[in-house]
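Asks: Chains A and B, in that order, are what the protein sequence lines are.
First residue of the first sequence? That's 1188 in our numbering, and the numbers climb one at a time after it.
First residue of the second sequence? That's 293 in our numbering, and the numbers climb one at a time after it.
What the hints contain is simulated information worked out from the structure, not anything from laboratory work.
Be careful, since some hints might not be right.
[As the list claims (entries may be wrong)] Here are the simulated lysine-lysine pairs, DSSO-like style, with alpha carbons at most 30 Å apart:
#1 K334/B x K1244/A
#2 K401/B x K1258/A
#3 K334/B x K1198/A
#4 K401/B x K348/B
#5 K348/B x K334/B
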Amino acid sequence: DTGVSQDPRHKITKRGQNVTFRCDPISEHNRLYWYRQTLGQGPEFLTYFQNEAQLEKSRLLSDRFSAERPKGSFSTLEIQRTEQGDSAMYLCASSPSRDRAPSGNTIYFGEGSWLTVV
Amino acid sequence: QKEVEQNSGPLSVPEGAIASLNCTYSDRVSQSFFWYRQYSGKSPELIMSIYSNGDKEDGRFTAQLNKASQYVSLLIRDSQPSDSATYLCAVRGDFNKFYFGSGTKLNVKP
Chain A
1188 DTGVSQDPRH
1198 KITKRGQNVT
1208 FRCDPISEHN
1218 RLYWYRQTLG
1228 QGPEFLTYFQ
1238 NEAQLEKSRL
1248 LSDRFSAERP
1258 KGSFSTLEIQ
1268 RTEQGDSAMY
1278 LCASSPSRDR
1288 APSGNTIYFG
1298 EGSWLTVV
Chain B
293 QKEVEQNSGP
303 LSVPEGAIAS
313 LNCTYSDRVS
323 QSFFWYRQYS
333 GKSPELIMSI
343 YSNGDKEDGR
353 FTAQLNKASQ
363 YVSLLIRDSQ
373 PSDSATYLCA
383 VRGDFNKFYF
393 GSGTKLNVKP
């Protein structure tokens, strides 16, 4: 396994611009998660995919946020019309289904994508 | 929504001492609990998981779970400066959604 990879690692953007983050999960992990973490807080759940289906979205995910996982492999998280309050680290994580692997009880994080909105 | 509470710290201990980190959770039906370590600017990394009441030891780390009191703790023996980090407590919900506390910052002084 090469681990969960995220791109870009850092992004500085002007308020009002759109940004997109990409996540490549561990191969064959069918579950993929996006979290957001701000300074001094723990990661907050944003959304979850089982294969290509987006099964749950947090109320934290406003209409300006959209996530996709078109082929059940990599995922993108797009933020439209960014605001300063969007500045955070966006974490992607993946896991196998619990019934497919003993390690299905936990999730594996990527290194995160830092967003700064100026 | 599962609530996970942690003291934000910082918790300062001298090198070689035992560091004790605590966490409480709100949902009585929660079954799986995790401790993650997060260095500044980095993503969380899993240290330990615990599912049954009692203690679970892994090297210098011991996780303790008391479901009746809805309490989870992490003990770090022989603390090292490299243990200085923020420690996140997490509870697993449906479909492997994890709910995190805000973390406790640990400083180990040489």
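Asks: For every hint, state whether the structure bears it out.
Replies: Hint-by-hint comparison with the structure:
| no. | hint | verdict |
| --- | --- | --- |
| 1 | K334/B x K1244/A | 25 Å, holds |
| 2 | K401/B x K1258/A | 49 Å, violated |
| 3 | K334/B x K1198/A | 15 Å, holds |
| 4 | K401/B x K348/B | 26 Å, holds |
| 5 | K348/B x K334/B | 26 Å, holds |
The earlier numbered hint that this structure contradicts is number 2, and it is the only one.
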